[in-house]
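**Q** The chain contents come next:
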Amino acid sequence: MAILLTERKPYLLLLILLTFHLGLMSSRIRNASERSLLAEGILSLGSPFLKAAGGMGQGVSGTWNAYVGLRGVEKENRRLREQVDALALQANAAAEARQESERLRALLDLRAALPFQSVAARVIARGVDGGARVVTLDRGTGAGVRINQPVITPRGVVGRIFEAAGGASKVQTILDPNVGVAGLIQRTRVQGMIVGDGDRGCRMEYVSELANVEVGDVVVTSGLDQIYPKGYTLGVIAAIGEGEGLTKIIEIRPEVDFRRLEEVLVLLKPEGPPETSAP
Amino acid sequence: MKLVRALLALGTAALAQALVSRYAPVAARYCDLFTIVVVYYGLTCPPSAAMAMGTGAGLVEDSLVGSILGMNGFKKTLIGYLVGTIGSLFMLNQAVPRFGILFAATVIDPLAEWALSVAMGRSFVFPGTLPILQLGLGNGVLGLLFFWVAARLP
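Protein chains in written order, with the working numbering: chain A, 1 to 279; chain B, 1 to 154.
No lab work stands behind these hints, which were simulated from the structure alone. Remember, predicted model here, so these are calculated numbers, not experimental data. We treat Cβ as the ideally placed atom computed from N, Cα and C, and that holds for glycine. Take the hints with a grain of salt, since some may be wrong.
[Claimed, not checked] If you want the ones that stay clear, here's a sample from chain A, every Cβ over 12 Å from chain B, calculated:
no. : residue
1   : L14
2   : T19
3   : S27
4   : S44
5   : A52
6   : G57
7   : R81
8   : D85
9   : A112
10  : A165
11  : Q191
12  : E209
13  : V213
14  : D225
[Stated by the list, open to error] Here are the in silico distance ranges between beta carbons for each label pair:
no. : chain 1 : residue 1 : chain 2 : residue 2 : range
15  : A       : I16       : B       : R5        : 34 to 40 Å
16  : B       : S123      : A       : G59       : 27 to 33 Å
17  : A       : W64       : B       : A16       : 15 to 21 Å
18  : B       : G100      : A       : M56       : 29 to 35 Å
19  : A       : K75       : B       : R152      : 39 to 45 Å
20  : B       : V96       : A       : G55       : 36 to 42 Å
21  : A       : M56       : B       : L111      : 29 to 35 Å
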């Protein structure tokens, strides 16, 4: 019977199905308000698909919104990072400017107190070995800089000009072993010769074994070398040892931090012995 | 196995149609996935299978659309029978005749509904020539795509 319906005479199956549908339709039209288990069963066929579609839609839109949100967060994160970088640069520049301002103010104060004319200069280079035995300044003979003029900072003596060109000059610092500076101990007025000891600092020679010297004493220029005016700080005594014969060797820690040297003053003092002492 | 495939095809079509109707109502005017499935079964299976699919697809569509219960079932069963009969008489393996059958099935759908409505004394607003043409074209293109995909399924 089933084979007859499905294979040999499909129009019979068609008639049955169409009649079924017509019956469904007519029953629904006649009794629209009545409940029918068959009708309700058929009508509930679609609800799983509608629910699934709604769920999928919400899932897709939720995922999409999360994705868009993440993209937004990533974009904002990138923008904020750029902003932080820019602000860090600005803050760094501001800090740099403030520090430079403080240094220059100190230099200006020193310059105002000096009995000599002076010219401010920037350190533009150091020795090729990274040491500070020789530093190069951005001012030269064009600004009045001459050989043997002393170079100082508010903290103390840097050295002397030993080469001067039109727009630049070189300073032989007091760390150079070939340099000798006449100095004295500020507290006891004991005199001696300050000699560079490389990057370790300086040492004071020709000081009598009987001299009153203590660690922590301040050493200043004595002015006897005709180069450095009297009374400028050279450093502080760091250690005292025995020298040859009846002398002491005194290690001096310079007051100037040569590795951080940036701005200096060149004293345009006239040739000849200094007439006045340091402020 | 055939029954499982048929149920799967019907479920997929119902889900896709529900999704399209809900989230892309404009696109829903260009496709009737139930018609496509019924035509596919009409061209690849005996008329009885096509009619059974038409009945199932029509009832599911009725439950989704909310029209009079049995209306879409009647139309889709009729389409299944016609396409199944034509498919058993002619070799319709090429894209152009398949497109024609899909288009014709799409046109038959509102015509059958109009005839039923007249017979039952109900008012019926004919959707218009242009929307039917648009739906026919959409069904034709999507139907060919469906045939292409179905041919590659295991």
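**Q** With reference to the structure, classify each hint as holding or not holding.
**A** How the hints compare with the structure:
no., hint, verdict
1, L14, "violated, 5 Å"
2, T19, "violated, 10 Å"
3, S27, "violated, 8 Å"
4, S44, "violated, 7 Å"
5, A52, "violated, 6 Å"
6, G57, "violated, 6 Å"
7, R81, "holds, 37 Å"
8, D85, "holds, 42 Å"
9, A112, "holds, 80 Å"
10, A165, "holds, 80 Å"
11, Q191, "holds, 98 Å"
12, E209, "holds, 101 Å"
13, V213, "holds, 94 Å"
14, D225, "holds, 94 Å"
15, A/I16 - B/R5: 34 to 40 Å, "violated, 24 Å"
16, B/S123 - A/G59: 27 to 33 Å, "violated, 40 Å"
17, A/W64 - B/A16: 15 to 21 Å, "holds, 19 Å"
18, B/G100 - A/M56: 29 to 35 Å, "holds, 34 Å"
19, A/K75 - B/R152: 39 to 45 Å, "holds, 41 Å"
20, B/V96 - A/G55: 36 to 42 Å, "holds, 39 Å"
21, A/M56 - B/L111: 29 to 35 Å, "holds, 34 Å"
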